[in-house]
Amino acid sequence: MSTELPVLTANDFASDQDVRWCPGCGDYSILAQMKKMLATLSIPREKMVFVSGIGCSSRFPYYMNTYGIHSIHGRAPAVATGLKSVRPDLTVFVITGDGDGLSIGGNHLMHTIRRNLDINIILFNNRIYGLTKGQYSPTSPKGKVTKSTPMGAIDNPLHPLSIAIGCEATFVARSIDVHIKHLEMVLRRAAEHRGTSFVEVYQNCNVFNDGAFDYATDRKIKDDTIVEIEHNKPLIFGKNRDKGIRLNGLEPEVVQLGGAIKEDDLLFHNELAEEPSLAYLLSRMRHPEFPEPMGVLRAVDRPRYDDELNKQITVAREQRGDGDMNALFRSGETWTVS
Amino acid sequence: MSTTTAGATASSTSPTSKPVVTLKGATVRFAGDSGDGMQLAGMQMTNTSALAGNDIATFPDFPAEIRAPRGTLAGVSGYQLHFSSTEIFTPGDDLNALVAMNPAALQTNLSDLHDGGLLVVNQEAFDEKGMRQAGYAQNPLEDGSLRKYQLFTVPMTSLTRRSVEGLGLSQKEADRCRNFLAMGLVYWLYGRSLDPTLRYIESKFGGKPDLAEANVRALKAGYNYGETTDAFVSSYQVDRARLKPGRYRNMTGNQALAWGLMAAAKLSNKEMFLGSYPITPASDILHELSRYKNFGVRTFQAEDEIAAITATIGAAFGGAMSLTTSSGPGIALKGEGMGLAVMLELPMIIINIQRGGPSTGLPTKTEQSDLFQAVFGRNGECPMPVIAARSPADCFDLAHEAWRIATRYMTPVMLLSDGYIANGSEPWLIADVDKMPKIPVSHPGPQEGDEPYLPYARDERLARPWGIPGTPGLMHRIGGLEKQDITGNVSYDPANHQHMVNLRARKVANVALELPPQEVFGPERGSLLVLSWGGTYGACLTAVQAAQAEGLTVAHAHLRYMNPFPRDLGDIMRRYDRVLVPELNLGQLRQLIRAEYLVPAVGLNKVEGKPFAVSEVLAKIRELAPASKS
Ligand code: SF4
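The listed protein sequences correspond, in order, to chains A and B. Under this note's numbering, the first residue of the first sequence is numbered 11, with each subsequent residue one higher. Under this note's numbering, the first residue of the second sequence is numbered -14, with each subsequent residue one higher.
If we strip away everything but chain A, and leave its shape as in the complex, we get (with noise of 0.2 Å):
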């Protein structure tokens, strides 16, 4: 095996399989971007593993020219537990969906997070069920009008990012399908990461949620309704970037900058921040009422499960030797028969 560095190309990334998803769906755009960003790396393909569950998201892991498990609804994390645990010499990426991760699977993924496994996961929010054709997933928002909720969903959504901060996650971010460069961006942030990484796309299903998030990709509004966040920058946004997030005790507002307000007046955002307050009031600032953060909320550095389990094996063959089988056998209470 040659040591040296490969040199790569998105190309270089792609399977022999042809992509099944609908024209138009935004996991386009989200394999486009995984695969540019994988070729900057420096990683082998080889020491890289997608696994996913089920849904149309978890299809991912075909169309990679990398190591892939596509395993059953809900328990990528769970594989992927087992998997870095016995070799944490690979890069390995969850690849899940609202359903698939927030649903069926939501045990596993808040006990992944909870231990920072160092691994990427990568949930594509469509805030729908796409490939069982249409149902409100737990991201619907509320009076969800589906083939399952005729009347309208009367559950109330979750909403990830701030699950995954409630499971003291280690790193947490948000990109959108579109917005490439800023995608490619937040995917690379959380390769970077050591430890589990949390990134939500928002995903547009054109075929069973069609726009639902115009909201922060129309051109002509997404200046007012997203705020791209910048570790040590004041959260400023708006077409002419004049309006601002400020904190009012605890609770943030929006503020009109110019006048008596200045930038530092302003919310200043610390991914490094120990204490998860920050990201978690970031997480819960919602479209309309505010513009939706952008970008990595919180990246913070934590002993990673991985590397803790294999230390204790370092440690304990440090401690009591590299284990005699045949010692054990004869160790305590034993008799002869002779």
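Hint data in this document are derived by calculation from the structure and do not stem from the laboratory. One thing to keep in mind: the hints can contain errors.
To be verified - If you want the ones that stay clear, here's a sample from chain B, every Cβ over 10 Å from chain A, calculated:
hint: 1; residue: Leu25
hint: 2; residue: Leu58
hint: 3; residue: Asp79
hint: 4; residue: Gly120
hint: 5; residue: Tyr134
hint: 6; residue: Leu136
hint: 7; residue: Arg147
hint: 8; residue: Pro194
hint: 9; residue: Asp224
hint: 10; residue: Ser307
hint: 11; residue: Gly324
hint: 12; residue: Pro422
hint: 13; residue: His461
hint: 14; residue: Asn474
hint: 15; residue: Asn481
As the list claims (entries may be wrong) - Heads up, simulated DSS-like pairs for lysine-lysine below, C-alpha to C-alpha not over 25 Å straight-line:
hint: 16; chain 1: B; residue 1: Lys591; chain 2: B; residue 2: Lys605
hint: 17; chain 1: B; residue 1: Lys205; chain 2: B; residue 2: Lys157
hint: 18; chain 1: A; residue 1: Lys57; chain 2: B; residue 2: Lys255
hint: 19; chain 1: A; residue 1: Lys321; chain 2: B; residue 2: Lys255
hint: 20; chain 1: B; residue 1: Lys605; chain 2: B; residue 2: Lys595
hint: 21; chain 1: A; residue 1: Lys191; chain 2: A; residue 2: Lys46
Idealized CB from N, CA, C, for every residue including glycine.
With the hints as your guide, set chain B with the ligand onto chain A.
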């Protein structure tokens, strides 16, 4: 059956001055409240008897509640031990001696005591409240109802308190030493050395010298009470058993499984990954394996049963020796994961320590009712090899066998044990890992050029290659969707699906090609074949031995391979007039046998959460193989 000698010895104490009666073997049960430390007493007596060279078989039996209300019938915990100077296979049908620490224990256990058996009770527990809780209207120690037993009423509480006087223990702490007093008394009765238990106390309570000293004193007080009180006129001895020469240790089924798995990992040059979620009676495997990190064992306590098996699948994909352990309810949750494992054709071991079902059922009681679940419990045509351990020590060998089959055929393998095997113990002839057969495992190496890697190409046994991430040129994707033969690409082609279903079935059937012939104990043909599997081995074998001694032409075949069956099984069964299948379920193996071989097998079935008594099996044998036929 007995001879009288004088003056047997117990090494750490002075020789007894009373007559000693030699017995072939004895069955003793410690019974008390679940907080009375009866499991510990039983285990210590077991260990001590094993070290004295007896063959042993045990049956711990405890309630599902950690601490049921004190003194109640529901809270009774028991530990039965059979030790013998001959080879034995069961914990014994009825008891030669019963130690009852309270009225509830007497009430629930007395019916198992042999007429004339030794009955040792803690007299002081028979107060009004205790008797009421146990449902005694009057004191059974005084109303003559126990006349057919050799009753010894011992003031255990005050003896214990007196023995620990001066150590500054609270009364509660003092009373907690009562099980050691009971142990000491039983040790005297059977001429046992105190040394192993003294060593145990030292290692366990070494850091708390007061408690250690208290337990030592209680133990010795019990022993001395036996020697000095006039109540006991003689003691007993059970000589060493003539087991196969070699070095032995006492092993429970769960420990033997854990060690067998570790040996299998070493013999295949693999490091082990266990994904598991705590469940009775399987958790001890997780506990045991978690101790051996210096053997490269990685244990993962998953968030649920589903995560446990899917993490196991992930680790198998990564190239580890991968396994998951559970019991019936957990295995039910793993169903979809097992289907994925079959579809991916990755090697791994799924262990089911069966317990009473359905649903939560009887968590601490034994049963064999998950055989159908093991063989069929997945959606689609989803074949998986299934093997079953027959005894605690056998678990060691079966762990090796499970991993051999899994890697040779690239398939998940289900290994069945049960609560009785898992918690029971017997002497294990210590294996030499250097002399055990290696388990060869290989992974395809790097591949250059444009030739695609073919993850579903097959060898002569129909096993696919185990290409693992990190290998240049072998990048491939696998998943739960049906896949094209050879390439592994997703395929919805009808003919391909038929072909793949057939292939997976044939591959698992191929496991039988390399199995040893089925062992049969007894005449090659005759009136009756007793066909058993799993933890009923000892009771069935012992019953068949007894029937043979009565002159019946009965043979015994015990299955370890449940799917596929050994190739010669059909021929063997046809050599007997009748086939009896005793099982702790309503007849699951019997149905499989009938379906597969059209043999009119009959069943002996019981689901009482208890193993078979030898006498139950023997009675059925006599019924089916009348002496006139022999
Ligand atoms: S159903 Fe929706 S999410 Fe699925 S592939 Fe089609 S457009 Fe994409």
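Checked hints:
1. For Leu25(B), the shortest C-beta to C-beta distance to chain A comes to about 15 Å, beyond the 10 Å cut-off, and the non-interface label holds.
2. A cut-off of 10 Å between C-beta atoms confirms that Leu58(B) is not in contact with chain A; the least separation is 35 Å.
3. Distance to chain A confirms Asp79(B) as a non-interface residue, since its nearest Cβ pair spans about 28 Å, more than 10 Å.
4. Interface exclusion of Gly120(B) from chain A stands, the closest Cβ pair being 40 Å apart, more than 10 Å.
5. Every CB of chain A lies more than 10 Å from the CB of Tyr134(B), the least distance being 33 Å, so the non-interface label holds.
6. With a cut of 10 Å on Cβ distances, Leu136(B) stays outside the contact zone with chain A, its closest approach being about 34 Å.
7. At the 10 Å boundary, the C-beta of Arg147(B) stays outside the reach of chain A, the nearest C-beta of that chain being 31 Å off.
8. Chain A leaves Pro194(B) outside its interface by the beta-carbon criterion, the shortest separation being 22 Å against a cut-off of 10 Å.
9. For Asp224(B), the requirement that its beta carbon stay farther than 10 Å from each beta carbon of chain A is met, with the minimum near 12 Å.
10. Against chain A, the non-interface label of Ser307(B) is violated: not every CB pair exceeds 10 Å, the least being about 7 Å.
11. The Cβ of Gly324(B) does not lie farther than 10 Å from every Cβ of chain A; its closest approach is about 8 Å, which violates its non-interface assignment.
12. No beta-carbon of chain A is positioned within 10 Å of the beta-carbon of Pro422(B); the least distance is around 14 Å.
13. Here His461(B) does not stay apart from chain A, with its beta-carbon only about 7 Å from theirs, under the 10 Å limit.
14. With a least CB separation of 7 Å from chain A, Asn474(B) falls inside the 10 Å interface cut-off, contrary to its annotation.
15. Every Cβ of chain A is farther than 10 Å from the Cβ of Asn481(B); the closest lies at roughly 16 Å, confirming the non-interface assignment.
16. The suggested pairing of Lys591(B) with Lys605(B) holds, with an alpha-carbon distance near 12 Å, which does not exceed 25 Å.
17. Between the alpha carbons of Lys205(B) and Lys157(B) the distance comes to roughly 20 Å, so the proposed pair stays at or under 25 Å and holds.
18. The hinted pair formed by Lys57(A) and Lys255(B) meets the criterion: a straight-line CA distance of about 20 Å does not exceed 25 Å.
19. For the hint linking Lys321(A) to Lys255(B), the alpha-carbon distance of about 18 Å falls within 25 Å, and the restraint holds.
20. At most 25 Å may separate the alpha-carbon atoms for a hinted pair to count; Lys605(B) and Lys595(B) meet this at roughly 17 Å.
21. Of the pairs offered as hints, the one joining Lys191(A) and Lys46(A) holds, with about 10 Å between alpha carbons and a cut-off of 25 Å not exceeded.
Checked against the numbered hints above, the structure breaks hints 10, 11, 13 and 14 and satisfies the rest.
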